[in-house]
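Going down the list, the protein sequences come from chains A and B. Going by UniProt numbering, the first residue of the first sequence is number 1, and it counts up by one from there. Going by UniProt numbering, the first residue of the second sequence is number 1, and it counts up by one from there.
One should not assume that every hint holds.
Identical chains blur together in the list; that is why a pair holds if it fits in one copy or across any two.
[As the list claims (entries may be wrong)] Calculated pairs, SDA-like style, for lysine to any residue (alpha carbon to alpha carbon, straight line, at most 20 Å): (1) K71 x T95; (2) K166 x D65; (3) K58 x A170; (4) K166 x A239; (5) K236 x G190; (6) K71 x V102; (7) K236 x D172; (8) K58 x Q96; (9) K236 x A139; (10) K71 x V164; (11) K110 x L193; (12) K71 x D204; (13) K71 x E148; (14) K58 x K110; (15) K58 x V102; (16) K71 x E93; (17) K71 x D156; (18) K58 x D155; (19) K166 x T95; (20) K166 x V223; (21) K58 x T95; (22) K236 x R180; (23) K110 x T62; (24) K71 x T88; (25) K110 x P61; (26) K166 x R180; (27) K71 x L118; (28) K166 x L183; (29) K58 x A103.
No lab work stands behind these hints, which were simulated from the structure alone. Only a predicted model underlies this, so the values are computations on that prediction, with no experimental measurement involved.
Protein chains: 2
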Amino acid sequence: MTTPDNTSDAPAEQTGVAAQDWATASADPQYRAALVDLLGALAYGELAAFERLAEDAKLAPTLADKAELAKMASAEFHHFERLRNRLTEIGEEPTQAMEPFVAALDGFHKQTAPSDWLEGLVKAYVGDSIASDFYREVAARLDSDTRELVLAVLDDTGHAGFAVEKVRAAIDADPRVGGRLALWARRLMGEALSQSQRVVADRDALSTMLVGGVADGFDLAEVGRMFSRITEAHTKRMAALGLAA
Amino acid sequence: MTTPDNTSDAPAEQTGVAAQDWATASADPQYRAALVDLLGALAYGELAAFERLAEDAKLAPTLADKAELAKMASAEFHHFERLRNRLTEIGEEPTQAMEPFVAALDGFHKQTAPSDWLEGLVKAYVGDSIASDFYREVAARLDSDTRELVLAVLDDTGHAGFAVEKVRAAIDADPRVGGRLALWARRLMGEALSQSQRVVADRDALSTMLVGGVADGFDLAEVGRMFSRITEAHTKRMAALGLAA
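Work the whole structure out from these sequences, hints included.
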C-alpha cells in the first residue's frame, strides 16, 4: 500500500472530541448523530464492497486469482461485522443506520461494474486505497473509542496489493492497456466523488463532523480540501502504477 | 444442525489409516493421490460455495438477511483457505488439485441457481447440511492429521441455521410455498447426487478411499450406501422443515 503524502496539508491539531471517549463525546446529540451516520456509511460500504468483489471474482482468469479476490471480499465482510457490531453496541439498529447510504453506494457500484478482470483489479486497488485514505482522514476527528475501531479496520486493509503487480505486468505486455485503464481509474474516482458529494449534501451532521467540528458549522471548502487530498493521493498511486491519470 | 441418524448402518470400525498420521499414511501413493483429490474437491467446493452464496445474497429482501448470507459465504471462504493451505503444506499445487472438480461443482451450481430468496435459503441450508454429512462420513477414513483438519472445518459449519426459521415462517404464511420448495429441495439433492456420481466415476483413487480402504478395491455398493445415508438424512431434515421430500 502506498501511504498518501498528505501530511503537509492535513490538519495537524486534533479537535476536542479526539481527547474524549465515546461515552463523553456521544452526550452531544449532534456528534452522536454524525457518528451513527459514519458507522452506517462505512458498514454499508464494506458490505457492498464484499458483494461486488465476490461478483468480480467471477472475472478471474485462474482459480488462484479468484481466491485472491474472494479473500479481499471476505476481509471486507469482517470489516462490516465490526462496524455493525459497534452500531448494535451503542444501541442503534444497524439496518436503519445503513439505509441512508444504500443509494449512493449501490449507485457507485452500478456505474462502475468492471467489464473485465483488469478493470476489476484496478477497481479493487483504487477502492481499497481510497477507503484507507478516508479512514485515515476521518480517524483524527473521532472520539478515542471510535478511533480505535476505525484504525483497527484500517489496519486490516491493503489486501489489494496483489492487484498492483498484475496490472503492471499487463501494461508491460501491452502498453495500450495502460491508456484504457487510466481512463477507467479516472472514471472510478469521478464516480466516487460524485456519490460522496451526494452524501455530503444529504447528511448535514456527518458532513459537519467530517470537516472538523460542530462549532464552526458546515464548511464546504474544508470538505473540498479533504476530497482534494484523497484525489491527489489517488493520482500519485495511479502514476506509480503506470497509469497517467 | 440436525445430526444425521446414520450410526446404525455406518461402518463402526476404523480402517488402519485412521490410526496413522499423514507422514505414515501418505507413504502409500494411492492414499496420497486420494487425499490430494479429496482436499482439491473440498477446497473447490468451498470456493464455489463462497461465490454462489455471495451471489445469492443479492436476492435478500433486507440488509440483515443479506448480511447473514454474506456471513455464510465468508465462512466458506475460510474453509477454502484452510484446505488450500493444507495442499500447499503437503507440497501440492492447490489449483492443480482443484481443477478436476471444477466442472462438476460449477455444473451443480449452474443447474441450481435459485430464482428467489427462499430457494436461496433452502439451497444454503441443504448445501451446508450435505457438506456436514459428507465431512463427517469421510473423516473416519482419514489419517489423524487430515481428520483433525476436516473436523475443524466441519465444526465451523452450521451457519445455515438462520435459514430454517425463515423458511418455516414462509410456509406457515403460505402453505403452497412448501410444495414448491419441496420440489426445489428434491432437485438440489438430485443434482448433487448426479454430479457426485460423475466425480466417483472419474476419480478412482478418491472413490476407493471414500468407501473404506484400498485393499478391497472399488466397491460401488458401498459408495451407494454412503449416498443413501446422506440422502436419508437430507429427507429427514426436509420433513422437519415442513417440506415433504
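Quick rundown of the hints versus the structure:
no., hint, in the structure
1, K71 x T95, "between (25 Å within a copy, 15 Å between copies)"
2, K166 x D65, "within (10 Å within a copy, 35 Å between copies)"
3, K58 x A170, "within (19 Å within a copy, 32 Å between copies)"
4, K166 x A239, "within (15 Å within a copy, 50 Å between copies)"
5, K236 x G190, "within (16 Å within a copy, 54 Å between copies)"
6, K71 x V102, "between (23 Å within a copy, 19 Å between copies)"
7, K236 x D172, "within (19 Å within a copy, 58 Å between copies)"
8, K58 x Q96, "between (31 Å within a copy, 18 Å between copies)"
9, K236 x A139, "neither (22 Å within a copy, 52 Å between copies)"
10, K71 x V164, "within (16 Å within a copy, 28 Å between copies)"
11, K110 x L193, "within (15 Å within a copy, 37 Å between copies)"
12, K71 x D204, "neither (35 Å within a copy, 32 Å between copies)"
13, K71 x E148, "neither (24 Å within a copy, 24 Å between copies)"
14, K58 x K110, "both (16 Å within a copy, 13 Å between copies)"
15, K58 x V102, "between (23 Å within a copy, 13 Å between copies)"
16, K71 x E93, "between (28 Å within a copy, 18 Å between copies)"
17, K71 x D156, "both (12 Å within a copy, 18 Å between copies)"
18, K58 x D155, "neither (27 Å within a copy, 28 Å between copies)"
19, K166 x T95, "between (37 Å within a copy, 18 Å between copies)"
20, K166 x V223, "neither (34 Å within a copy, 44 Å between copies)"
21, K58 x T95, "between (28 Å within a copy, 16 Å between copies)"
22, K236 x R180, "within (18 Å within a copy, 55 Å between copies)"
23, K110 x T62, "between (25 Å within a copy, 19 Å between copies)"
24, K71 x T88, "between (26 Å within a copy, 17 Å between copies)"
25, K110 x P61, "between (22 Å within a copy, 19 Å between copies)"
26, K166 x R180, "within (15 Å within a copy, 46 Å between copies)"
27, K71 x L118, "within (17 Å within a copy, 27 Å between copies)"
28, K166 x L183, "within (18 Å within a copy, 45 Å between copies)"
29, K58 x A103, "between (24 Å within a copy, 15 Å between copies)"
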